[in-house]
Amino acid sequence: MKRILPLTLVMMCCATTSFANEDKVAELQAQLNALADYVEAQSVQPSKTTVGGYGELHYNNYQNTSNKIDMHRYVLFVNHEFSDSIRFFSELEVEHAISGAGQTGATELEQAFIQFEQRGGNIKVGMFLMPVGIINETHEPSTFYGTERNPIDKYIIPTTWREGGVMYSGYSETGLSYDLAIHSGLNTTTSIRSGRQHVGNAVADSLAYTARLKYAGIQGLELSTTINYQEDLDQVAGGIGSATLIEAHAVYSLGQLKFTGLLANWTIDHGQNTQGVLLESSYRINAEWGVFARQNTWDDTGAGDKVQYNAGFNYWAHEDVVLKFDVQQQNVLAGDKDGFNLGMGYQF
Amino acid sequence: MRYTIMLSALLCFAMTAHAEQVFMTPQAYIQAQFDGATPKPKVIWLNQGLKAKMAEILNHDYAGLRVRYWQGEGEQAFKTVWILNEIGKEKHITVGIAINKQRIEEVKVLVFRESRGWEVKHDFFTRQFKQLFLGDENRLNKSIDSITGATLSVRAVEKLARIALVLDKEVQD
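Chains as they are written, first to last, in the numbering used here: chain A, 1 to 348; chain B, 1 to 173.
Treat the hints as calculated values from the structure; they're not laboratory data. Note that the structure is a prediction, hence the values are computed from the model and not measured. A virtual CB, placed ideally from N, CA and C, is assigned to each residue, including glycine. Keep in mind that the hints are not guaranteed to be accurate.
[Stated by the list, open to error] Cut-off 27 Å, straight-line C-alpha distance, at most; resulting in silico cross-link-like pairs (DSSO-like, lysine-lysine): (1) K48(A) - K89(B); (2) K159(B) - K53(B); (3) K48(A) - K91(B).
[To be verified] Just the calculated beta-carbon pair ranges, DEER-fashion: (4) V171(B) - N21(A): 44 to 50 Å; (5) Q131(B) - S99(A): 22 to 28 Å; (6) A20(A) - V171(B): 28 to 34 Å.
[Stated by the list, open to error] A partial selection of chain A residues facing chain B, derived with a Cβ cut-off under 10 Å: (7) G52; (8) E81; (9) Q115; (10) H318.
Here chain B stands alone, though its shape is the one from the complex:
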């Protein structure tokens, strides 16, 4: 009897299987950052110098030729928004990062696809990034507290925050 219950439960679970956890779509995030008005996306092409900086942060080459970003106008001209992906252990984590005057305004985990380490989505974790900026060697000016059992996801989010700051500096300079 207990094996029948187990198998039935399994079938139910398998039928409703779904992998991605979408906490917020990238489009909705960009819109929210610019008070509902989404600016046209811009593109930064990655030259050798930028690729080298990104590879140093990521510990591997960035698999892309350019990065899209969104920049405000007028009073928001110093604000940029980046939607970036990095693998924690095996799957991409999609993170939205808003930067204003070269300081992080917000980090938000938008889509989580890993099987562990989901704790990085919590505000208590992402709040740590607020107002951080680039320090020496393209590190954050303050260290980020890790989460037990979610080390790889924590690392991925931190790396993306550093990448966004490096790219923001490049487009603002």
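If we strip away everything but chain A, and leave its shape as in the complex, we get:
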């Protein structure tokens, strides 16, 4: 009995100490978690103002013309979130490295709009990119093949095409999405590309309207079509009148193989209709390397089909940094610029 009593007392003391230690540990854990909660709350939230950008340097080596090296684009994005549902987006670009009177380049505002987020969509008010083609809205160099943007997205769809106005974008659970916009129009009697007014004191006697329907409800497939109606292409009564652009494209990915087809056609009341077709195949070998081949056929003057072939590769040194090489062949109508292109691009 004398032996059992002290033993029992020792065990009771140990048990009490153990409970006390467990309480202490739990308390410390709670304090540690509270501290971690506080620290994480300070660091996890993204800033309301964000800065991004992209840029690309090109080297063109063509026969029959001087070789050129060009810091083609240097672009900065500055975006701000006023509230959960109201955001500002902007894109400022320096083209060809230098701007000013008599200089080769330009400083241009490419986007500046307020976006009101909705359930199932959003509305943009301001100066925004037109929902047409493949490159016009998403043109960061690491997202496409080829050093230079393709000629269909340059001469038929005048990328980078932006206008001032209002646009509603909506989408459904089925993978269908749509965009409806009322905006400033082009102003040209010559080429479509030269008709962009850049929303700089733009003549707005006549407006323009755009609608896009897009389907992306099946793995690997994107189907999209856009119609753009210009009330008056030269903004002058009795001039060349209205014009309509119809664009359609399909992108189908089968594993690492990707096939792209794009068709764009302008019908102009009293002017020269223009059209272009692009066909591209590409194969992503791995995370770093991808190869492609592309055929571009277009007529933007009425003189006949211009044809350009490009084939080459992209090397992604980082998911947002790309080095490019492609060979180019053109027919005489397109300029006969056979040769090769080298490019460096980045985005952040």
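Chain A is fixed; fit chain B onto it per the hints.
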């Protein structure tokens, strides 16, 4: 007249503005993964080695000291569920990832806050992750097909799937 209609429409839209698209709340996702019984959350503190692996996958440091997860009991002891966030272009995308025996059971986009790239919420996209596991260099054992125009959102979801597998391996080992 057309300007009046435009302004009226704008006002209506602005009044009903709402940013987040919540496809499923994290709580509901966790509950569904464990047949209605939500286990107590556990926490994995990130040591230097884990932080380095996560930074390599994300291409930036993980902004947190630990990660919460939910683990089953009994027959479901090898199942873990992770609710993770990553920025696509500018805003966080919240993704639920269920892992069983170190293979992905399900990936689901729970909350989408970006203005573009919403296509990643579709089952046709997230289905690709089923039964994938960690391959060499903490990459998925099979590549994920991208979606045109949603590249950054696709990347974000893929990175989160890899992070969840790395963390699951750590807690199961």
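Cross-check of the supplied hints:
| no. | hint | result |
| --- | --- | --- |
| 1 | K48(A) - K89(B) | 13 Å, holds |
| 2 | K159(B) - K53(B) | 11 Å, holds |
| 3 | K48(A) - K91(B) | 10 Å, holds |
| 4 | V171(B) - N21(A): 44 to 50 Å | 25 Å, violated |
| 5 | Q131(B) - S99(A): 22 to 28 Å | 54 Å, violated |
| 6 | A20(A) - V171(B): 28 to 34 Å | 29 Å, holds |
| 7 | G52 | 8 Å, holds |
| 8 | E81 | 8 Å, holds |
| 9 | Q115 | 6 Å, holds |
| 10 | H318 | 8 Å, holds |
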